[in-house]
Amino acid sequence: MFLLEYKVRQPKPHQTQAIEEAIRTSQFVLNKVLRFWMDNRGVGKTELFRYNTIMTIFKVKVKPNSQQQSIEAEVDGSFKVCLKSPPVDGKANQELIKLLAKKFNVKKSEITIKSGLSSKNKLIEIPQNN
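Just remember that the working numbering sits 6 ahead of the position in the sequence shown, which is counted from 1.
What the hints contain is simulated information worked out from the structure, not anything from laboratory work.
Accuracy of the hints is not assured; some may be wrong.
[As the list claims (entries may be wrong)] Label-pair ranges, simulated between beta-carbon atoms:
1. Gln74 to Thr52: 30 to 40 angstroms
2. Pro93 to Lys18: 53 to 63 angstroms
3. Asp82 to Gln21: 35 to 45 angstroms
[What the hints assert, rightly or not] BS3-like mimics (lysine-lysine), calculated; alpha carbons at most 27 angstroms apart, straight line:
4. Lys65 to Lys108
5. Lys126 to Lys113
6. Lys97 to Lys113
7. Lys109 to Lys67
8. Lys97 to Lys120
9. Lys86 to Lys104
10. Lys69 to Lys86
11. Lys97 to Lys86
12. Lys126 to Lys67
13. Lys120 to Lys108
14. Lys67 to Lys108
15. Lys65 to Lys126
Just so it is clear, the structure is predicted and the values come from calculations on it, not from any experiment.
By construction, the Cβ of each residue, glycine as well, lies at the ideal position given by its N, Cα and C atoms.
Start from the sequences and build out the full structure, keeping to the hints where you can.
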């Protein structure tokens, strides 16, 4: 349960608007986390925190069996990633996660391949640095 307390004697319109926005945001966050918890019984605090963290999703085109590792930004906002590992038994995916974790300064466990586990085109999710 969230308890929000505001003490304002004669609020100005922008203060009232900010308070209402804060209440709506906290209610949305609470409802979002509660719904996730109800749909996924047995999840722990870590999963609930991760679910509520602001995440960034971007496209990656992977080129396995390359001579060198590299990450290149494309014009459309996606990334082209060259990996040394072959696309066998998830080795390329492991190398991709390790390389992205180093590039974006996050833990490997915080990076998720949302789609494209067995494809060259992938959607990657990482937490935003605040």
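Compare the structure with the hints numbered earlier in the document and write down the numbers of the violated ones, lowest to highest. none
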